[in-house]
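Number of protein chains: 2
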Amino acid sequence: MHALVNLIRRATPSNILSRHTLLRSLSISSAQTATWAPERRTDLSRLTDGDLDAIRQCVCDDTASSAAAFITDAHELQAFNTDWMHRYIGTSPLCVRPQRTEQVAALLTYCQQRRLAVTPQGGNTGLVGGSVPVHDEIILSTSRMNRVLHWEPQTGTVTVEAGAVLQAVDAYCGQHGYRFPLDLGAKGSCQIGGNVATHASGSRFLRYGSLRGRVTGMEVVLADGTVLDLGLGRALRKDNTGYDLKQWFIGSEGTLGVVTKVSVACAPAPAAVHTALLGLRRDFNAVLALSRRAQHQLGEILYALEFMDREAVTLLERQQSGASVGNPLAHQPDCGFYVLLETGGGVAEHDRARLESFLGQAMDDGLVLDGVLAQDQSQSEALWRMREGLSEAVSRAGPMTFKYDLSLPPSTYYQVVEQTRQRLQTTGDAMQVVSWGHLGDGNVHLNVVAPTCDRRLQAALEPWVYAWVARHGGSVSAEHGIGQMKAGCVQYSQSAAAIEKMRALKRMLDPYGILNPYKLFDA
Amino acid sequence: MHALVNLIRRATPSNILSRHTLLRSLSISSAQTATWAPERRTDLSRLTDGDLDAIRQCVCDDTASSAAAFITDAHELQAFNTDWMHRYIGTSPLCVRPQRTEQVAALLTYCQQRRLAVTPQGGNTGLVGGSVPVHDEIILSTSRMNRVLHWEPQTGTVTVEAGAVLQAVDAYCGQHGYRFPLDLGAKGSCQIGGNVATHASGSRFLRYGSLRGRVTGMEVVLADGTVLDLGLGRALRKDNTGYDLKQWFIGSEGTLGVVTKVSVACAPAPAAVHTALLGLRRDFNAVLALSRRAQHQLGEILYALEFMDREAVTLLERQQSGASVGNPLAHQPDCGFYVLLETGGGVAEHDRARLESFLGQAMDDGLVLDGVLAQDQSQSEALWRMREGLSEAVSRAGPMTFKYDLSLPPSTYYQVVEQTRQRLQTTGDAMQVVSWGHLGDGNVHLNVVAPTCDRRLQAALEPWVYAWVARHGGSVSAEHGIGQMKAGCVQYSQSAAAIEKMRALKRMLDPYGILNPYKLFDA
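If you read the sequences in order, they're chains A and B.
All residue numbers for the first sequence refer to the UniProt record's numbering, where the first residue is 1 and numbers rise by one.
All residue numbers for the second sequence refer to the UniProt record's numbering, where the first residue is 1 and numbers rise by one.
For the record, the hints were derived by calculation from the structure and aren't laboratory data.
Glycine residues also receive a C-beta, built at the ideal position from the N, C-alpha and C atoms.
Hints should not be assumed to be uniformly reliable.
Label-pair ranges, simulated between beta-carbon atoms [as the list claims (entries may be wrong)]:
| # | chain 1 | residue 1 | chain 2 | residue 2 | range |
| --- | --- | --- | --- | --- | --- |
| 1 | B | Ala497 | A | Arg100 | 30 to 40 Å |
| 2 | A | Pro153 | B | Arg40 | 45 to 55 Å |
| 3 | B | Pro399 | A | Arg503 | 49 to 59 Å |
Construct all of the structure, not just a fragment, from the sequences and the given hints.
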């Protein structure tokens, strides 16, 4: 048991760049650009000088606001045209950044009349190219609509504009003793509107569930400029008056409307948080057994249950010169898998005793080889940085990386990683297949880092991965969505009949297809 | 503090009839029939003998199954034509009870071709007349599709047919150490398909959230007979592959399709449950303060937070000759409000100590006048029977009862009750305005029991109640839905633009309007 209460010796303060910083610091490599490029739709108009003047009128209050709200400078546009992975790069000549719903409505009214395509963009931290244009779509950035509008103290409900940044909103809720029910690695840049539009989930899903049950109000602007107030501000937890239209837009990836405001029911913040990192031997059945036990024995205090494989942690260690990565179990060579586990509860001593009892038993039974328990918040944050740094680490690791965000039944959760390794016959450092994920909800992130820009690799992986997942009853997108990357891949997880109904809803709400074209099933 | 650990002296074994029993034992009073009766639609066909033969072929495997699957006997039909409150009584000449999805599909294919209307019916325990025909719609009962199909032990996901009864499914999950995330007073009769189709919630909502985040798979049959498999069986917690069509049908009250199978993510059952009944003085601010405190101090172990006013409990006591009602605080005349509070956690001693500390502080601060803590499961059940018996009690109390299921912001949660009393100028026993609700999620049940069948009462209440709720930012249906009772009232909680989009989805999925007509906004 002594290892469990070890100090984390190599905790790092903050050596991982935020996604925002990373976006600016990486150079754009042509090798990273999209391989999939649909033809530009001929039914969509091209921007004229007259359009530019008219749109400027829609989104600018006056000449002074023009510089921030209306961007046509090629250099400035680059960041808005380029996705976080530098893989999908559009050629939009215009990015608008309105500050009010009426401006969004005026813009869309005009664009639908003129058949001009629009790509809504939040923090631009998505991993499937969903928030950048494919061709010359106008970029509608919500980044200047970022106010917290209301806090309801009795119910813990926060109402914000779409562009409010997740981390800032979580901090705001924290001042009131609440937690925002969502946490992501990209929290420093991603925006609530984008989170809702993409049905983001992340590591708090296990405790707080899906945004579908937490979004209590929404304001959305449709393609024709109609503003729908869907219970915004009232922010009622229960409302069974007709069909719940909010659900149409949650996870629609900007293809059905532009979310402009959101109300979300938060949860009282736990008074005590405990974070542990556990090392397990290379037997995924042990990981599954530990997961089952944690869910039953820790029950209501279990907040997060994250998984990393040895290869993922090794990649991080190599890239960040070992010592700074903050893996306190680096001295245990037998660890094949790592589990990051967090509890949140009201009474620290109780939670700690319960967690130690759980961990002690898991060690006695041989499920866990070794582990550490963070002694304070900074150590806890260091453990989370290790987990949250993985996505950036693989993006920096090679000239080509392939990221798959899969949901799978428990029995095949790790099989997909092993099968991918086998298929690619990885040897030594040449090709790295690494994985991590949200163990508590069946979501695994499979990543392939290639040593060279070899297009044959992509052909070997796609659609093989998608077909494998479909065969094993999984989903080809657990939380990242479809975007450009998986456009045309929805059929691996949805029936033709279901996709036909999706298309019908799209036609109903956006008959001219101006909203975020070439994405989802619009390939 | 001593009162808190008192034994509950008057706990009753089971003196409250199940809804199912009640349905059979009450006589149908014409005074109770619906006041709202739309014209029969002329575009809908009437059943012919030829239709009867064809439909029998659709839903019966052989002659032997015909008696159970195909009901035309007037006496037998009565129970299917009559809603639980005996307020809405249809005149359907046919109830079918298929056993397989293909039979449902064949039936709907035929009915759409012939323009025959169909009313899906689950346990028929709804409170807004949604599950019985308005005129001669064919009743499609799911009661013979009631199997548990699959249990996934790693994720605690249960897959059932639509007609599985809630209590039975919860018991099944209990055998595996899990809890179904829904609990209702009608659990002995209501069916999972109906629960999902009406987006039922109840007292576990506070802990497990909305079904929208818990339904992981669904099979639904559309009006044209198309069978949609929406992730059924895969039962993945996360799946962001396109629009989430499951959400269309959750809460659609049988107007968009017939739910035939459902997968639901359950939660590990708490090892220890503590139930307390608290008496508070007549100051609703004290109730709100207690609610806030409970949510923060009990945090992750808080499972339910229910509210009853003195008038509701008095009505129950009078009706059930006092002693049998099981109100252990009956000796406290100063109680104006009661709060039923339940915790669920992993370690009994910890939870109990925490609950007692919370209650002790609330009593010391004068928030709580008196309280009892159930000492075992049977006492806990007795407290719940008191709360769950209220709905039936008001239905039995007078020749006319009006039930309103409202969501309101905390500040007006109880104002609506007081304002209703004031409006009706109730005196003594003449008219009883009583209320209870789910305090933790802003859902209040307002009930008016009238001493005589006076139609003017309804005119005094409606639409006044709905307009009052709309003015105060509430919802006219928190959890019961719209059905017949509130058909045409959706506009009090939804904008015209939103209702137009709902109608558009309805036209898209059910162009001939054969599914559950005259309900929702189809008034």
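Here's how the hints hold up against the structure:
A hinted range of 30 to 40 Å for the beta carbons of alanine 497 of chain B and arginine 100 of chain A is inconsistent with their spacing of about 19 Å. In this structure, proline 153 of chain A and arginine 40 of chain B meet the distance hint of 45 to 55 Å, their C-beta atoms being roughly 50 Å apart. Distance hint check for proline 399 of chain B and arginine 503 of chain A: the Cβ-Cβ separation is about 52 Å, which falls inside the suggested range of 49 to 59 Å.
Consistency with the previously given hints fails for number 1 only.
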